[in-house]
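*Asks:* Assemble the dimeric complex from its two separately framed chains, guided by the hints.
So the protein sequences, as listed, match chains C and P.
Heads up: the first sequence begins at 0 in numbering that gives the first Met the number 0, then just goes up one per residue.
Heads up: the second sequence begins at 0 in numbering that gives the first Met the number 0, then just goes up one per residue.
There's no promise every hint is true.
Claimed, not checked - The calculated lysine to any residue pairs, modelled on SDA-like cross-linking and capped at a C-alpha distance of 20 angstroms, are:
1. Lys163/C to Ile89/P
2. Lys116/P to Tyr100/P
3. Lys241/C to Val176/C
4. Lys116/P to Gly24/P
5. Lys14/P to Lys306/C
6. Lys163/C to Val102/P
7. Lys14/P to Leu134/C
8. Lys16/C to Glu81/C
9. Lys41/P to Gln22/P
10. Lys163/C to Glu90/P
11. Lys258/C to Glu300/C
12. Lys68/P to Glu43/P
13. Lys262/C to Val154/C
14. Lys14/P to Tyr239/C
15. Lys163/C to Tyr106/P
16. Lys163/C to Ser99/P
17. Lys306/C to Tyr239/C
18. Lys14/P to Leu111/C
19. Lys14/P to Ser107/C
20. Lys114/P to Phe114/C
21. Lys163/C to Tyr100/P
If you're looking for bench data, these hints aren't it; they were derived computationally from the structure.
Just so we're clear, the structure is a prediction, and the values are computed from it rather than from any experiment.
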Amino acid sequence: MIIDKRYFSLNLFVLCKSYRVGLWQCPPFLFLIFGFLTVSAMVATYGIANRYFEDPRLVALLIIGVTTILLIIGFAIVSGFERLAEASRLKSEFVSIVSHQLRTPLSSMRWLIEFMSGSKSSALSSENRSNMEMLHEINIRMLRLVNLLLEVNQVEDSRIVLEKNSVDVKYLTEEIVRGFSVLARSRNVKINISAETDLPKISVDQRRLNMVIENLVDNAIQYSLGEGEISINIERQGNYLKWLIYDHGVGIPKMEQKKIFEKFFRARNAARFQTRGSGLGLFITRAFIEAMGGSMGFSSEEKKGSKFWFFLPIINEK
Amino acid sequence: MKKILFIEDEAALQKSIGLTLGQEGYEVKAALNGEEGFKLAKAEHPDLILLDLILPRKDGFEVLEELKKDSATQDIPVIVLTNLEGMEHIERAVELGAQSYLVKANYSLEEVVRKVKEIIK
Numbered sequence: 000m001i002i003d004k005r006y007f008s009l010n011l012f013v014l015c016k017s018y019r020v021g022l023w024q025c026p027p028f029l030f031l032i033f034g035f036l037t038v039s040a041m042v043a044t045y046g047i048a049n050r051y052f053e054d055p056r057l058v059a060l061l062i063i064g065v066t067t068i069l070l071i072i073g074f075a076i077v078s079g080f081e082r083l084a085e086a087s088r089l090k091s092e093f094v095s096i097v098s099h100q101l102r103t104p105l106s107s108m109r110w111l112i113e114f115m116s117g118s119k120s121s122a123l124s125s126e127n128r129s130n131m132e133m134l135h136e137i138n139i140r141m142l143r144l145v146n147l148l149l150e151v152n153q154v155e156d157s158r159i160v161l162e163k164n165s166v167d168v169k170y171l172t173e174e175i176v177r178g179f180s181v182l183a184r185s186r187n188v189k190i191n192i193s194a195e196t197d198l199p200k201i202s203v204d205q206r207r208l209n210m211v212i213e214n215l216v217d218n219a220i221q222y223s224l225g226e227g228e229i230s231i232n233i234e235r236q237g238n239y240l241k242w243l244i245y246d247h248g249v250g251i252p253k254m255e256q257k258k259i260f261e262k263f264f265r266a267r268n269a270a271r272f273q274t275r276g277s278g279l280g281l282f283i284t285r286a287f288i289e290a291m292g293g294s295m296g297f298s299s300e301e302k303k304g305s306k307f308w309f310f311l312p313i314i315n316e317k
Numbered sequence: 000m001k002k003i004l005f006i007e008d009e010a011a012l013q014k015s016i017g018l019t020l021g022q023e024g025y026e027v028k029a030a031l032n033g034e035e036g037f038k039l040a041k042a043e044h045p046d047l048i049l050l051d052l053i054l055p056r057k058d059g060f061e062v063l064e065e066l067k068k069d070s071a072t073q074d075i076p077v078i079v080l081t082n083l084e085g086m087e088h089i090e091r092a093v094e095l096g097a098q099s100y101l102v103k104a105n106y107s108l109e110e111v112v113r114k115v116k117e118i119i120k
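So here's chain P without its partners, still in its complex pose (with noise of 0.2 angstroms):
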């Protein structure tokens, strides 16, 4: 079974995209502040992160930087999944090595997960 981490600190979220997750057969690990999310990254190893920005102890950038300076984890894809959307953001999360950027009030459920398949195959 595949394994996702999806680190974000709005509980609504965390259920309802790791309820769907798991309906779709992966295994999710919640993670609801960066430095929870680095931890477990290192120790459970996931096949995806997903990741917001905006988080409580370790922003979603210092996070990002880490886990792709790690090489434990710099391996693993990084989807970031946020509100925020200015040209900056996006920029400087491609160049730290997300693979892809959602912006949350664009997409709906369906695409999200859609896009999940999509990077881990």
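With the rest of the complex left out, here is chain C (with noise of 0.2 angstroms):
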């Protein structure tokens, strides 16, 4: 068995998985390609120094000069590659730690808070009840941040599992636009809900398609810019049901708007309006209706607004 694990530990794939960087940047990979680049330097060298040079030791001499300066090339690429490499596996691992530790208190004190403001332990004052309220708000939206960089992370090693719900995407919506309520009350948003009707419930994993109508019911308050109003329409497309939202926001400007799916990205005007935000809502956001099987698109104008939308496919399963 302990063998077994050894020449397993050789397969470069499997290696370069773990460093979570392509062929062309994995460290061993590398190593095995200036070992062969070397090898022919040194056939070739001494072809051609053979063909030039009388004297056998100056062709010696020769091939040991240039493979020796081979080894040193190759040597700092490849232990430059594996210290980035390396780093950013650490980074991951970090991440994930740092994160599992947050989330046990921070669920503490959301429990805590919840039974604090509960009805039936209500000796709070109506200010401290507003209080509560907003602890109860922030400490939601640590969790959250938390709960997305551990997905991120999850994405990153493609090791997103899904889980399968039979979810109705308009109660669905309902319920989350309405938990937005009051963020959406204190932007002066309105926001409206239509929706075919006899929409078929789909089978996809609900907690994160939650994230990702959480994630554009809340970009779109975000950057509504103090007022306005937000539509949100659902309807059936052939075999999949179309979710669009559409805001009369910021916008994105034109430069930017082939990067707003990067990981960490977020646009100039939006840094400047919202100072909140981490730059992984839509990485998340597209990562996950990918792996639903659907896709999503968005157009939008500079202090127009954006319209985001996405589709999943109505799988039956009865």
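*Replies:* Now the structure itself:
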């Protein structure tokens, strides 16, 4: 068994996957390529030197010289990549450990807050009740961010495991919008939902879809510039369910539109209007939609607003 | 009065869940580690057990296994309440006989209480 495992670690593909880099950036693979290059350089130098020089000692010296230079260059490149790859692996491990350690105290806090503001223990003054609500919102925001970081890690490791739930998308959307009502009111934003009647339930990962819709609604409110109307529309298109959200907010500058799905990317105008935001939301949103067999897109015009939509397949599971 | 045993090492959670379930009319017994949890389960024979997985002295999986092996406790429904959410953990807990598996970070207090009511009825 132990020998098996050792051979396993010689498998370059497995090893490179653990570094989370492509083959051409993977240190063990580069090492192999450089070995091959060095041997071919030795043979080539031998061939060329033999033709032009009579003295075999000179030929040998030349080969040694070329090989040494190649070895040094190779070592420098490979060790550079190795440091980078190791750093990226450590970073994701670090994120995972920190997030897990944060989740426990954060969920304890959440439940304690919920207990304190629960109706049956209402010894709270109305001011403290609203303070409690604020605490709750902050706490939920932190939990969401920690969850998001963990999800990003999973996406990057390509180990998203989807659950299957039968989901009523219209109902889910209404629930989520209700959860945002305090925030929306404080920003003077109105949210309208329109949906076709008799929409079928779809079989998707409810928690992930929840995060997707939350992200899109949250974005629409955050970038609505203090007032405006947001419309959500849900309809059936062939074998797909189309979900669309339209806001009249700050929009995304043309120059930056192709970057918005990148990790940690935030549009310049977005960062100016709204300092809060991790640049992870849309990255994870698209990753989830694609993992669930759907697709997503957007169109946007600066100062006019943005439109985001996604399609999810309607799979009848009886 | 229905009796619930809550095996969890974090005092803040013991308090919030324990008091809330108390208000809902349940008698809540608290155990702060796995060993104590198993002993209490045998002595008190609760109607439901809420079980964390990461516990001092004896982890939640071991407790669950022992509960399901012991004829005195094997019929008590167990809800696992934890922050571990790897597929392997969920599968193992369900295989060992957990009735339900809740990830703490994804549930509100209200939802946990609802789940408890559903199972205990």
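*Asks:* Confirm or reject each hint.
*Replies:* Okay, the hints, checked on the actual structure:
Taking the CA atoms of Lys163/C and Ile89/P, the gap is about 15 angstroms. The hint holds against a cut of 20 angstroms. For the hint pairing Lys116/P with Tyr100/P, the CA-to-CA distance comes to about 15 angstroms; that is within 20 angstroms, so the pair holds. For the proposed pair Lys241/C and Val176/C, the alpha carbon gap of about 17 angstroms is at most 20 angstroms, so the pair holds. Of the pairs offered as hints, the one joining Lys116/P and Gly24/P holds, with about 11 angstroms between alpha carbons and a cut-off of 20 angstroms not exceeded.
Note on Lys14/P and Lys306/C: the hinted pairing is violated, with a Cα-Cα distance of about 45 angstroms set against a maximum of 20 angstroms. With a C-alpha separation of about 16 angstroms, the suggested pairing of Lys163/C with Val102/P holds against the 20 angstroms cut-off. For a cut-off of 20 angstroms, the pair hint linking Lys14/P to Leu134/C stands: about 18 angstroms separates their Cα positions. Between Lys16/C and Glu81/C the CA atoms are separated by roughly 13 angstroms; this keeps the pair inside 20 angstroms, and the hint holds.
Of the pairs offered as hints, the one joining Lys41/P and Gln22/P is violated, with about 25 angstroms between alpha carbons and a cut-off of 20 angstroms exceeded. This hinted pair checks out: Lys163/C and Glu90/P have alpha carbons roughly 15 angstroms apart, not beyond 20 angstroms. Under the criterion of a C-alpha separation no larger than 20 angstroms, the hint pairing Lys258/C with Glu300/C is consistent with the structure, at around 15 angstroms. A C-alpha spacing of about 17 angstroms is found between Lys68/P and Glu43/P, which places the hinted pair at or below 20 angstroms, so the restraint holds.
Note on Lys262/C and Val154/C: the hinted pairing holds, with a Cα-Cα distance of about 11 angstroms set against a maximum of 20 angstroms. Simply put, Lys14/P and Tyr239/C have alpha-carbon atoms about 46 angstroms apart, too far for the 20 angstroms limit, and the pair is violated. Our distance criterion of 20 angstroms between C-alpha atoms is met by Lys163/C and Tyr106/P, whose separation comes to about 18 angstroms. Distance hint between Lys163/C and Ser99/P is fulfilled; the C-alpha atoms sit about 16 angstroms from each other, no more than 20 angstroms.
Taking the CA atoms of Lys306/C and Tyr239/C, the gap is about 18 angstroms. The hint holds against a cut of 20 angstroms. A C-alpha spacing of about 8 angstroms is found between Lys14/P and Leu111/C, which places the hinted pair at or below 20 angstroms, so the restraint holds. Restraint check: the Cα-Cα separation between Lys14/P and Ser107/C comes to about 9 angstroms, which is no more than 20 angstroms; the hinted pair holds. Restraint check for Lys114/P and Phe114/C: the C-alpha separation of about 16 angstroms stays at or below 20 angstroms, so the hint holds.
Restraint check: the Cα-Cα separation between Lys163/C and Tyr100/P comes to about 15 angstroms, which is no more than 20 angstroms; the hinted pair holds.
This entry does not satisfy hints 5, 9 and 14, going by the numbered hints stated previously.
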